[in-house]
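2 protein chains.
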Amino acid sequence: MHFITEKRLDDGVLEREFTLGEIPGILWTPGSASAPAPLILLGHPGGLHKMYPRLVARARHAAAEGFATATIELPGSGDRPRRPATEQARADLRRALAAGEPVSDEIIDALILPLVDQAVPECQATLDALLSLPEIGGPVGYSGGVISIGVRLAVVEPRIVAAGLFAGSFVPRAMFEEARKVTIPLHVLLQWDDEGNDRQAALDLFDAFGSREKSLHANMGGHTGVPQSAGDAAAQFFTRHLK
Amino acid sequence: MHFITEKRLDDGVLEREFTLGEIPGILWTPGSASAPAPLILLGHPGGLHKMYPRLVARARHAAAEGFATATIELPGSGDRPRRPATEQARADLRRALAAGEPVSDEIIDALILPLVDQAVPECQATLDALLSLPEIGGPVGYSGGVISIGVRLAVVEPRIVAAGLFAGSFVPRAMFEEARKVTIPLHVLLQWDDEGNDRQAALDLFDAFGSREKSLHANMGGHTGVPQSAGDAAAQFFTRHLK
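Respectively, the protein sequence lines represent chains X and G. Numbering (my numbering) for the first sequence: 1 to 243. Numbering (my numbering) for the second sequence: 1 to 243.
To be clear, the hints were calculated from the coordinates, so they are not data collected in a lab. For each residue, glycine too, the CB sits at the ideal point set by N, CA and C. Wrong hints could be hidden among the right ones.
Stated by the list, open to error - For the chain X half of the interface with chain G, some residues (derived, Cβ under 7 Å), not all of them: (1) V120; (2) G145; (3) K214; (4) S215; (5) L216; (6) H217; (7) N219; (8) A233.
Using the sequences and the hints given, assemble the complete structure.
Okay, structure coming up:
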């Protein structure tokens, strides 16, 4: 892990861009931390530059509660090399949506499953590097989408002890089986009128999670319309489980 | 309205039992209130004595946030005269459940609709009386079940400006039409594994509400297993909308 920039934000949060091999990422740590800060890994749909305003808002919010946050670029997104199979699946998806056709399982599988297979080990390698820093402690939370990446991480990565999942992306059928294996506390956000999302699939996925403690928070509005109060509730969830 | 008992609880909350005509009720006001306190009307499934431990816990929680709370006995419950039609509907319900049969629309209508018709004007008369007390101010919130009573109140009672509804009771089909007329902010609690509740009906009702601001909070556990964190989130909802 190499830090390539370092910037102090106006609220004292330290923002550092890094690379982990070929993968770009950003780490935010609270301005005033006496002890190693618990870490929240921020998920997003890909495109660090485009997502930056929303990511830094989430990072500041978390830092105010004493959390470090970090995020990495997804495979095939932002400045990372395109993946031909993913590009094909994206084109197929656009074509289906434009034609008003249902999005087939084949398209969803091709879009999501290889992404999960590659992104999850990258997240784990990022955790290895971040948790070796003296200012970062455990335990670790995962927050955001892509929800299938969060589900896989919740199953395979024991350092992640709680997850705030954003149910706003297509979910391959295979992930429902993985969801049953999840046992960590979950806080699931759903935008009730998310036009690009399958609400029933999100409800079914919530039902499938094996966790004894899970809660679903559905709010009005589209994909990007998550209200401030929902962000506050998610922060309280992590405070309960990571501190 | 006649106050018949007065008790100071250990956290300073003043608890007063009252009667409004034939209807028994309880009023809780915060120990330290400089200005008239906003009021939350607490809904419950009937049976003030049996429900008291849970009601007083909700009242103390709300008082800590500066809210007065009040509740009245439901028609046909507790010490109030039985209503023959309701008793018949309850017997029919028990018979259907014991036989493992689906609960018919006829039973649900007979159980709930006359209750709503009678309870809502009683709640309004209670508001008239409570809001004439100098220590109680507006605006007013409704919190709890019976959800159909909360829905009707949200439609017909303009003094109620926000409602935290507990989706844990049967909902007559007619209430879905009323739900479309609701426009106040809603915070809906659903216990995901509530064995006596129809989860899909609860989701459909949430979908039907006409409110621009509504959020659904589903938690694991049975009817009485609402977690502490859900109570905290509901309190924050009322703080946002009643203060």
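Results of checking the hints against the structure:
Hint status for X:V120: violated, given a least beta-carbon distance of 26 Å to chain G, over 7 Å. Interface hint status for X:G145: violated, as the beta-carbon distance to the closest one in chain G is roughly 19 Å, over 7 Å. The beta carbon of X:K214 comes within 6 Å of a beta carbon in chain G, closer than 7 Å, and the hint placing it at the interface holds. Interface restraint check: X:S215 against chain G, minimum CB-CB distance 5 Å, threshold 7 Å, status holds.
This hint holds: X:L216 has a C-beta 4 Å from the nearest C-beta of chain G, less than the 7 Å allowed. Hint status for X:H217: holds, given a least beta-carbon distance of 6 Å to chain G, under 7 Å. Taking 7 Å as the C-beta contact cut-off toward chain G, the hint placing X:N219 at the interface holds, the least distance being around 5 Å. With a least beta-carbon distance of about 6 Å to chain G, the hint placing X:A233 at the interface is held under the 7 Å criterion.
Of the numbered hints stated above, those contradicted by the structure are hints 1, 2, listed in ascending order.
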